[in-house]
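Full structure from sequences and hints, please.
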Amino acid sequence: MHIQNRKWITRAVAAVATVACGPAFAQGAVAAEYRWLTFAVFAAIIGLTMYVTYIAAKRVKSASDFYTAGGGVTGMQNGWAIAGDYLSAASFLGIAGLISQYGYDGFMYSVGWLVAYITVLLLIAEPCRNIGRYTLSDILAYRNNPRAMRIVGAISVITVSTFYLTAQMVGGGVLVKTLIGIDYEYSVIAVGVLMLAYVLFGGMVATTWVQIIKAILLVIASLILVMLVWTPYGFSLPGFLGDVVADPKVQAKVASLLGDPAKNMSAAELGQRFLEPGLYFKNPIDQISLGMALVFGTAGLPHILMRFFTVPTAQAARKSVVWAMGIIGGFYVLTLFLGFGAAKNVGPQAIAAVDAGGNMAAPLLAQFLGGGPNSFLGNFMLAFVSAVAFATIVAVVAGLVLAAASAIAHDLYVGVYHGGDIVPPQQQVRAARIATVVVGAMAITIGIAAKGQNVAHLVALAFAVAASANFPCVLLTLYWKRCSTGGIVLGMIVGTVVAVGLTLVSPNVTYPKAVREASQKVLDGEAAKRSAIEAALASGDAGAVAKAQTDLTTLDKAVKKAKDDMAKVEGKEVSIMGLEKPMFQLKNPGIISIPLGFLAVLLGSLLFRDRRSEELWPEVYARQNTGILASKATSH
Amino acid sequence: MATEPKIDWNAVIADPRFQVLHRKKQGFLTGLMIFSVVFYFMLPIGAAYFQDLFKTRIWGVVNFGLLFALTQFVVAWLVAFYYSRRAGAEFDRLAHEIAADYEKKGRA
Numbered sequence: 012m013h014i015q016n017r018k019w020i021t022r023a024v025a026a027v028a029t030v031a032c033g034p035a036f037a038q039g040a041v042a043a044e045y046r047w048l049t050f051a052v053f054a055a056i057i058g059l060t061m062y063v064t065y066i067a068a069k070r071v072k073s074a075s076d077f078y079t080a081g082g083g084v085t086g087m088q089n090g091w092a093i094a095g096d097y098l099s100a101a102s103f104l105g106i107a108g109l110i111s112q113y114g115y116d117g118f119m120y121s122v123g124w125l126v127a128y129i130t131v132l133l134l135i136a137e138p139c140r141n142i143g144r145y146t147l148s149d150i151l152a153y154r155n156n157p158r159a160m161r162i163v164g165a166i167s168v169i170t171v172s173t174f175y176l177t178a179q180m181v182g183g184g185v186l187v188k189t190l191i192g193i194d195y196e197y198s199v200i201a202v203g204v205l206m207l208a209y210v211l212f213g214g215m216v217a218t219t220w221v222q223i224i225k226a227i228l229l230v231i232a233s234l235i236l237v238m239l240v241w242t243p244y245g246f247s248l249p250g251f252l253g254d255v256v257a258d259p260k261v262q263a264k265v266a267s268l269l270g271d272p273a274k275n276m277s278a279a280e281l282g283q284r285f286l287e288p289g290l291y292f293k294n295p296i297d298q299i300s301l302g303m304a305l306v307f308g309t310a311g312l313p314h315i316l317m318r319f320f321t322v323p324t325a326q327a328a329r330k331s332v333v334w335a336m337g338i339i340g341g342f343y344v345l346t347l348f349l350g351f352g353a354a355k356n357v358g359p360q361a362i363a364a365v366d367a368g369g370n371m372a373a374p375l376l377a378q379f380l381g382g383g384p385n386s387f388l389g390n391f392m393l394a395f396v397s398a399v400a401f402a403t404i405v406a407v408v409a410g411l412v413l414a415a416a417s418a419i420a421h422d423l424y425v426g427v428y429h430g431g432d433i434v435p436p437q438q439q440v441r442a443a444r445i446a447t448v449v450v451g452a453m454a455i456t457i458g459i460a461a462k463g464q465n466v467a468h469l470v471a472l473a474f475a476v477a478a479s480a481n482f483p484c485v486l487l488t489l490y491w492k493r494c495s496t497g498g499i500v501l502g503m504i505v506g507t508v509v510a511v512g513l514t515l516v517s518p519n520v521t522y523p524k525a526v527r528e529a530s531q532k533v534l535d536g537e538a539a540k541r542s543a544i545e546a547a548l549a550s551g552d553a554g555a556v557a558k559a560q561t562d563l564t565t566l567d568k569a570v571k572k573a574k575d576d577m578a579k580v581e582g583k584e585v586s587i588m589g590l591e592k593p594m595f596q597l598k599n600p601g602i603i604s605i606p607l608g609f610l611a612v613l614l615g616s617l618l619f620r621d622r623r624s625e626e627l628w629p630e631v632y633a634r635q636n637t638g639i640l641a642s643k644a645t646s647h
Numbered sequence: 002m003a004t005e006p007k008i009d010w011n012a013v014i015a016d017p018r019f020q021v022l023h024r025k026k027q028g029f030l031t032g033l034m035i036f037s038v039v040f041y042f043m044l045p046i047g048a049a050y051f052q053d054l055f056k057t058r059i060w061g062v063v064n065f066g067l068l069f070a071l072t073q074f075v076v077a078w079l080v081a082f083y084y085s086r087r088a089g090a091e092f093d094r095l096a097h098e099i100a101a102d103y104e105k106k107g108r109a
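Here the protein sequences come in this chain order: A and B. Heads up, my numbering is the position in the first sequence plus 11, with the first residue counted as 1. Heads up, my numbering is the position in the second sequence plus 1, with the first residue counted as 1.
Check before you lean on any hint, since a few could be wrong.
[Claimed, not checked] A few chain B residues that don't get close to chain A, going by computed Cβ distances all over 10 Å:
#1 Pro-17
#2 Gly-28
#3 Ala-70
#4 Glu-91
#5 Ala-109
[Claimed, not checked] Covered stretches of chain B (in silico footprint by chain A; criterion: 3 or more residues with CB under 8 Å from a CB of chain A, positions within the stretch not fixed):
#6 41-55
#7 61-67
[As the list claims (entries may be wrong)] Residues from chain B that face chain A, not an exhaustive set, calculated with beta carbons under 7 Å:
#8 Trp-10
#9 Thr-31
#10 Met-34
#11 Ile-35
#12 Phe-74
#13 Leu-79
#14 Val-80
#15 Ala-81
#16 Ser-85
#17 Ala-96
#18 Tyr-103
Quick caveat, the hints were computed from the structure, so don't treat them as lab data. C-beta: ideal position from N, C-alpha, C; glycine also.
The following block contains the structure:
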């Protein structure tokens, strides 16, 4: 068994190496002569995680080992692993990028991601540890009809994980391509194959350690960058931010964001505006809706819930959330410096030139701090941050795949197909591994198929479904006596359907007419702008010429984008839902779908009473509060 | 796997000690949860509807909005710290006592 595992791991590493070195390179952020450096850092990190997987593979014998590392993870380890599971590329690169482009709003956005863990800590972590085993459905099935719970639970887990997974795979592919210039398809395959190697051989043991290693690397990388950014100001916050707002690049960015109103503002006012709300978030209701999805959705994310089954006691579960909150919150505070530091040193425009979403803020800041694009240290630091970003995606994807695979193998295969009969442990582990391969292959396929799609809203949608379906169901199963099978089934259906349905008719999807009108406007204004730029170029004033040259590149880009967008919607009149314009005006459905999810569980429970659900209430309530027999529920 | 002790769950939740634990925990958790949620949503609401306050400069260029957002982190950590202290000092002891008692009874 072990020798076989070792052989497989060697093959997996070889496959990744071939994939990583084989194809022709496009232009990436890393200069060609330093690309070997990136691969050296990548190889070191992959080597370390593979070694851990090799050790872990020996320990994975039972289903409990595979799904929950045998319940033998300590509170502190689990805290780091939760942070590793949660700090996806969206938060590591995305929030730093958002701050570098929009200032204050980017930082405000990060707060909800931390506050979410208060819900997890106070309401979810310990009770789930006390009554759950491997999956979300285990909690629901404890008192409600097990067969029905396993089916709806598995559907919901697979839905949420697939949305999240697609966003990660596409984001990962784009990221690796932008950083080191490997073709998109190969990047997606590399992420998928590596992740499969970890999960398949090492199960939750390896996944946990990959997440811990990644979280530690992420914190180290961020700390180094923040030290370099902040030291010149003697660790003074007003000193540092005062320099950020005094920067002409930042002031120019604010001016371009504000448009006409900026004309009457002084340079100092423009700079100060970067530290004020409203540059990114335009609709407060939408923002509150997003906040609700984050704060209640995290507690319903299957891959996060699953982490609480890996610790031995409720106390360890509590300790792990406290650790995770320290690490995650501390990381977001560091991100404040990364984002503003990148805006001041690299410049919002230069960051957006590499990636329009601003995702390259942290990597480009690293390169700048090391001495710039032509220095060894600059490229080494860029390589290090890129490798950490890559590890980030792999670690998050591994957690998601494990959650989806457990829903298929444990809930659907063992729970529903075998209907609770005793399935031998070896067969359970085999089912889990097969499910892992299936989910992994699916993730790679979707990742490649979704190339070029805008998938950023899928993460928000995953949170919205988790908050509207999973969260009400888990919460009311744990805390409400009258909660019943009918309530959970209805809640899962209503929460998921409303969240997904509203998103499909929201401004998140493409409306060809609107795209055409916006693009036409850009093209119509092109001539006037071009003549203004030409006049500035001819003026001979050095400052005006420099500004006109940047304006010209911006204009060329905008025109190209407008033409591309026009071509994409050519011949189309309506969105995928057959609409000319959005029917639902918010980007995030949470504010509607979360209350409806709760309402559905309440109504369903009151309408369809279930004797089993009520008879088992004393047991569930006693167990979740006291942890009676909890330590015996997982140890053999 | 050894046979699990048989536990009279109705007796557990009727136990006065469990009732005390339940009451204390419920009040504490509900209060803390409501406080945390209200405090958090003051951030997006304030940023949207109290812009003048958020733009007020307090410490050099650092304005109220920025300090308030930083306070959110400190408050979240304090809530976590406060809860785990209270739980560790009080709830755990009661829960362990009840669990040990009924597990012993169940085996007898």
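Hints and how they fare:
1. No Cβ of chain A approaches the Cβ of Pro-17 of chain B within 10 Å, the least distance being about 14 Å, so the stated non-interface status holds.
2. Listed as a non-interface residue, Gly-28 of chain B keeps its Cβ farther than 10 Å from every Cβ of chain A; the least gap is roughly 12 Å.
3. Distance to chain A contradicts Ala-70 of chain B as a non-interface residue, since its nearest Cβ pair spans about 5 Å, not more than 10 Å.
4. Listed as a non-interface residue, Glu-91 of chain B keeps its Cβ farther than 10 Å from every Cβ of chain A; the least gap is roughly 13 Å.
5. Under the 10 Å C-beta cut-off, the non-interface status given to Ala-109 of chain B relative to chain A holds; the minimum distance is some 15 Å.
6. For the segment 41-55 of chain B, the stated coverage by chain A holds: 10 residues have a C-beta nearer than 8 Å to a C-beta of that chain, and at least 3 were required.
7. With a cut-off of 8 Å between beta carbons, the segment 61-67 of chain B has 6 residues touching chain A; three or more are needed, and the interface restraint holds.
8. Here the hint on Trp-10 of chain B is kept, as its CB sits about 4 Å from the closest CB of chain A, short of 7 Å.
9. Below 7 Å, beta-carbon pairs count as interface contacts, and Thr-31 of chain B has none with chain A, the closest being about 9 Å; its hint is therefore violated.
10. The interface hint given for Met-34 of chain B holds, since its Cβ lies 5 Å from the closest Cβ of chain A, which is under the 7 Å cut-off.
11. Below 7 Å, beta-carbon pairs count as interface contacts, and Ile-35 of chain B has none with chain A, the closest being about 10 Å; its hint is therefore violated.
12. Taking 7 Å as the C-beta contact cut-off toward chain A, the hint placing Phe-74 of chain B at the interface holds, the least distance being around 5 Å.
13. A cut of 7 Å between beta carbons decides the hint on Leu-79 of chain B: the least distance to chain A is about 11 Å, and the hint is violated.
14. Taking 7 Å as the C-beta contact cut-off toward chain A, the hint placing Val-80 of chain B at the interface holds, the least distance being around 6 Å.
15. Satisfaction of the interface hint for Ala-81 of chain B is found here, the shortest Cβ-Cβ separation to chain A being roughly 5 Å, below the 7 Å cut-off.
16. Hint status for Ser-85 of chain B relative to chain A: holds, with the closest Cβ pair at about 5 Å, below 7 Å.
17. Look at Ala-96 of chain B: its Cβ gets to within about 4 Å of chain A, closer than 7 Å, so that hint holds up.
18. Using the Cβ-Cβ criterion of 7 Å, the hint placing Tyr-103 of chain B at the interface with chain A is satisfied: the shortest such distance is roughly 6 Å.
Of the hints listed earlier, those the structure fails to meet are numbers 3, 9, 11, 13, in rising order.
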